[in-house]
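Protein chains in written order, with my numbering: chain A, 336 to 586; chain B, 121 to 472.
Any given hint might turn out to be false.
[What the hints assert, rightly or not] With a cut-off of at most 27 Å between alpha-carbon atoms, the simulated BS3-like pairs for lysine-lysine come out as follows: (1) B:Lys425 with A:Lys490; (2) B:Lys455 with A:Lys447; (3) A:Lys447 with A:Lys389; (4) B:Lys405 with A:Lys439; (5) A:Lys439 with B:Lys153; (6) B:Lys153 with B:Lys263; (7) B:Lys405 with A:Lys490; (8) B:Lys153 with A:Lys447; (9) B:Lys405 with A:Lys353; (10) A:Lys439 with B:Lys263; (11) A:Lys449 with B:Lys425; (12) A:Lys439 with B:Lys425; (13) B:Lys446 with A:Lys389; (14) B:Lys263 with A:Lys389.
[As the list claims (entries may be wrong)] From the derived model, a few chain B residues whose C-beta atoms are all more than 12 Å from chain A: (15) Tyr357; (16) Ala401; (17) Ile436; (18) Thr441.
If you are wondering where the hints come from, they were derived from the structure by calculation, not from laboratory data.
Since this is a predicted model, take the numbers as computed values, not measurements.
Glycine included, every Cβ here is placed at the ideal spot set by N, Cα and C.
Each chain, letter by letter, is given below.
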Amino acid sequence: MSDILLEVKNLRARTEDKEILKGINLTIRKGEIHAIMGPNGSGKSTLSAVLAGKESYTVTDGEILFEGKNLLELSPEERSWAGIFLGFQYPIEIPGVTNVNFIKTAVNEHRKMKNLPPLSAAEFLKLMRERMNYVGMDSSFSTRGVNVGFSGGEKKRNEIFQMAMLEPKLALLDETDSGLDVDALRIVANGVNKLKRDDNSFVVITHYQRLLDYIVPDVIHVLYNGTIIKSAGKELALEIEERGYDWIINN
Amino acid sequence: MRDNYIYSNNRANLFRCKVPLSGAEQLFVVNGKVQDSDNSYSLVVEKGCTLPNIQQVIYVRNIDSNIAIREIDGVPVEDSRLKDMLKLDCESNILMKEGSNAKLLFCSHTLSMDEFETDELVNITLERDANLDLIIMQNEHNKARHRADYKISLDANSTLTMTFLSLHGGEITNNIEVNMIGEHANCQLKGLCLADKEQSMSTNVKLNHLVPNCYSNQLFKNILDDSSSTNFFGRIYVAKDAQKSEALQANHNLILCDKSKVKTKPQLEIYADDVICNHGATIGKINEDELFYMRSRGITLHEAKILQLLSFTSDITNSITTDALKERLNILVEKRLRGEFSNNNNCSKNCC
Numbered sequence: 336m337s338d339i340l341l342e343v344k345n346l347r348a349r350t351e352d353k354e355i356l357k358g359i360n361l362t363i364r365k366g367e368i369h370a371i372m373g374p375n376g377s378g379k380s381t382l383s384a385v386l387a388g389k390e391s392y393t394v395t396d397g398e399i400l401f402e403g404k405n406l407l408e409l410s411p412e413e414r415s416w417a418g419i420f421l422g423f424q425y426p427i428e429i430p431g432v433t434n435v436n437f438i439k440t441a442v443n444e445h446r447k448m449k450n451l452p453p454l455s456a457a458e459f460l461k462l463m464r465e466r467m468n469y470v471g472m473d474s475s476f477s478t479r480g481v482n483v484g485f486s487g488g489e490k491k492r493n494e495i496f497q498m499a500m501l502e503p504k505l506a507l508l509d510e511t512d513s514g515l516d517v518d519a520l521r522i523v524a525n526g527v528n529k530l531k532r533d534d535n536s537f538v539v540i541t542h543y544q545r546l547l548d549y550i551v552p553d554v555i556h557v558l559y560n561g562t563i564i565k566s567a568g569k570e571l572a573l574e575i576e577e578r579g580y581d582w583i584i585n586n
Numbered sequence: 121m122r123d124n125y126i127y128s129n130n131r132a133n134l135f136r137c138k139v140p141l142s143g144a145e146q147l148f149v150v151n152g153k154v155q156d157s158d159n160s161y162s163l164v165v166e167k168g169c170t171l172p173n174i175q176q177v178i179y180v181r182n183i184d185s186n187i188a189i190r191e192i193d194g195v196p197v198e199d200s201r202l203k204d205m206l207k208l209d210c211e212s213n214i215l216m217k218e219g220s221n222a223k224l225l226f227c228s229h230t231l232s233m234d235e236f237e238t239d240e241l242v243n244i245t246l247e248r249d250a251n252l253d254l255i256i257m258q259n260e261h262n263k264a265r266h267r268a269d270y271k272i273s274l275d276a277n278s279t280l281t282m283t284f285l286s287l288h289g290g291e292i293t294n295n296i297e298v299n300m301i302g303e304h305a306n307c308q309l310k311g312l313c314l315a316d317k318e319q320s321m322s323t324n325v326k327l328n329h330l331v332p333n334c335y336s337n338q339l340f341k342n343i344l345d346d347s348s349s350t351n352f353f354g355r356i357y358v359a360k361d362a363q364k365s366e367a368l369q370a371n372h373n374l375i376l377c378d379k380s381k382v383k384t385k386p387q388l389e390i391y392a393d394d395v396i397c398n399h400g401a402t403i404g405k406i407n408e409d410e411l412f413y414m415r416s417r418g419i420t421l422h423e424a425k426i427l428q429l430l431s432f433t434s435d436i437t438n439s440i441t442t443d444a445l446k447e448r449l450n451i452l453v454e455k456r457l458r459g460e461f462s463n464n465n466n467c468s469k470n471c472c
């Protein structure tokens with residue numbers, strides 16, 4: 336099955352205190368968009384963080400295969416090089432490190448792994464301008480500290496910009512829509528749609544149906560108490576918007 | 121005095137400074153004496169004058185190997201003068217007369233690997249309306265001990281901006297005493313200590329608001345690795361009549377190793393009742409969430425740590441007002457954080 340990008344089998348993960356993921360099964364094919372919904376505290380952010388390799392979680396069982404490779408053996412940076420990107424719910428501020436230096440370092444690390452020379456200053460600038468345009472970012476952002484003094488919407492746009500620069504095969508967007516007004520939401524969604532191709536995939540974690548008006552998913556999963564309790568087509572989002580989660584949980 | 125500012129080619133063979141900027145004047149002070157003279161360093165900027173260029177004063181500790189080891193009947197014998205040369209008391213004076221302006225960069229280095237002990241007194245006087253921007257860069261080897269006492273007096277409407285970059289050194293102590301004696305004086309103190317191995321770096325500040333309406337701001341940051349230690353003792357004193365004083369102080373420490381030791385003691389001693397004063401201190405480790413953020417973009421763990429350290433140092437280095445100098449000092453800080461200083465025994469090989 337060469338079109339399978341990610342395969343998660345019976346994944347269990349915990350923090351020091353408690354088990355959060357209790358047997359996740361998920362298959363994502365190339366070109367698909369998956370949405371993950373579910374009540375607060377059900378494990379959505381944990382799932383995306385575990386996929387990206389956050390070390391504060393311990394995987395106790397199961398496996399994650401990415402293009403057939405065992406992802407659990409890889410560090411976060413190796414996963415990034417392999418083509419995984421995590422858009423953070425709360426992007427981190429890094430004062431004193433400019434956006435341009437940050438993303439240039441990241442892009443050139445990716446190129447190094449592909450045995451490509453670093454981009455020249457002119458090439459890099461051209462690429463950066465083009466990708467900043469995807470999300471309507473002003474060029475003045477490039478010389479500011481990473482996410483420092485950015486509004487909530489600007490931070491999320493910066494996440495999508497970084498994604499556009501790194502061109503991942505699998506993008507995990509953790510509540511990228513939270514805290515966005517309608518205009519910002521549309522800008523972010525447009526950015527995602529510009530990057531959508533037949534050979535890359537997206538996992539969109541969200542609480543709201545409205546994001547899925549712009550980024551139309553192939554599958555919606557409901558995560559509850561560490562397991563996926565329902566998977567269905569895009570209509571499910573509307574139903575959740577109307578009825579909440581109780582009817583799914585109680586089934 | 122003027123002649124001393126001429127760059128000496130002779131000295132350049134021994135020590136090549138990478139920091140100087142186009143137009144910067146360079147002056148060497150070797151073992152406490154201005155090069156080729158018998159005088160200590162002294163600068164007077166006359167009333168209303170502005171030094172046209174940044175003046176760089178390079179304090180060098182060095183012992184001529186001819187003196188250190190002599191051969192008597194083919195047997196190497198330590199010269200009796202050596203002991204005296206290792207221990208040095210020296211003094212520098214800066215007088216900024218009324219309305220004068222200057223930018224200075226002081227660098228201190230140890231050229232030979234001897235166990236230098238340096239006790240230095242630096243008197244800095246700013247008369248009314250004078251402005252001084254002083255950067256102090258310290259880069260000495262691990263066997264060197266350097267204690268510097270800065271006695272500072274600020275008269276009305278004067279502004280002193282002082283930035284310490286203690287990049288390397290066995291034992292560095294900076295004692296800074298500021299007396300604000302004229303209203304509306306402004307004192308900005310910033311400092312960065314980068315300590316590793318067994319190094320010990322101390323910063324002691326006594327900031328005395330003696331008259332009303334003065335402003336002071338202190339920001340001192342330390343990064344510690346291995347078994348190094350830092351001390352920060354900072355006291356803000358506001359005299360009874362010094363109303364409307366504004367005094368801020370912060371000391372932040374980043375520890376990279378469990379064996380490192382930080383002592384910090386911010387203190388306020390306030391006798392006036394209409395003032396704005398605050399002080400604070402933090403001691404922390406590398407932030408794992410920040411590291412994960414950077415690594416999730418494909419930045420290696422090693423590089424992510426360096427970026428985080430540079431981020432920590434940025435509000436010190438980025439406050440340097442001369443862009444070209446800021447860039448060069450930033451490069452030095454980055455080299456130091458990347459561990460490039462440790463590879464050479466003689467610090468002159470890799471510094472400024």
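How the hints compare with the structure:
Restraint check: the Cα-Cα separation between lysine 425 of chain B and lysine 490 of chain A comes to about 22 Å, which is no more than 27 Å; the hinted pair holds. Only pairs whose Cα atoms come within 27 Å are accepted, and lysine 455 of chain B paired with lysine 447 of chain A is accepted, the gap being roughly 22 Å. With a C-alpha separation of about 23 Å, the suggested pairing of lysine 447 of chain A with lysine 389 of chain A holds against the 27 Å cut-off. Between lysine 405 of chain B and lysine 439 of chain A the CA atoms are separated by roughly 26 Å; this keeps the pair inside 27 Å, and the hint holds.
At most 27 Å may separate the alpha-carbon atoms for a hinted pair to count; lysine 439 of chain A and lysine 153 of chain B exceed this at roughly 47 Å. Between lysine 153 of chain B and lysine 263 of chain B the alpha-carbon distance is near 22 Å, which keeps this suggested pair within the 27 Å criterion. Restraint check: the Cα-Cα separation between lysine 405 of chain B and lysine 490 of chain A comes to about 25 Å, which is no more than 27 Å; the hinted pair holds. Distance check on the hinted pair: lysine 153 of chain B and lysine 447 of chain A sit about 51 Å apart at the alpha-carbon level, beyond 27 Å; violated.
Under the criterion of a C-alpha separation no larger than 27 Å, the hint pairing lysine 405 of chain B with lysine 353 of chain A is consistent with the structure, at around 25 Å. With a C-alpha separation of about 39 Å, the suggested pairing of lysine 439 of chain A with lysine 263 of chain B is violated against the 27 Å cut-off. A distance of roughly 23 Å separates the Cα atoms of lysine 449 of chain A and lysine 425 of chain B; the hinted pair therefore holds under the 27 Å criterion. Restraint check: the Cα-Cα separation between lysine 439 of chain A and lysine 425 of chain B comes to about 16 Å, which is no more than 27 Å; the hinted pair holds.
The hinted pair formed by lysine 446 of chain B and lysine 389 of chain A fails the criterion: a straight-line CA distance of about 36 Å is larger than 27 Å. Note on lysine 263 of chain B and lysine 389 of chain A: the hinted pairing is violated, with a Cα-Cα distance of about 42 Å set against a maximum of 27 Å. Taking the minimum C-beta to C-beta distance to chain A, about 31 Å, the non-interface status of tyrosine 357 of chain B holds against the 12 Å cut. Taking the minimum C-beta to C-beta distance to chain A, about 19 Å, the non-interface status of alanine 401 of chain B holds against the 12 Å cut.
Taking the minimum C-beta to C-beta distance to chain A, about 9 Å, the non-interface status of isoleucine 436 of chain B is violated against the 12 Å cut. Annotated as non-interface, threonine 441 of chain B keeps its C-beta farther than 12 Å from every C-beta of chain A; the closest such distance is 16 Å.
Violated hints, in rising order: 5, 8, 10, 13, 14, 17; the structure is consistent with all others.
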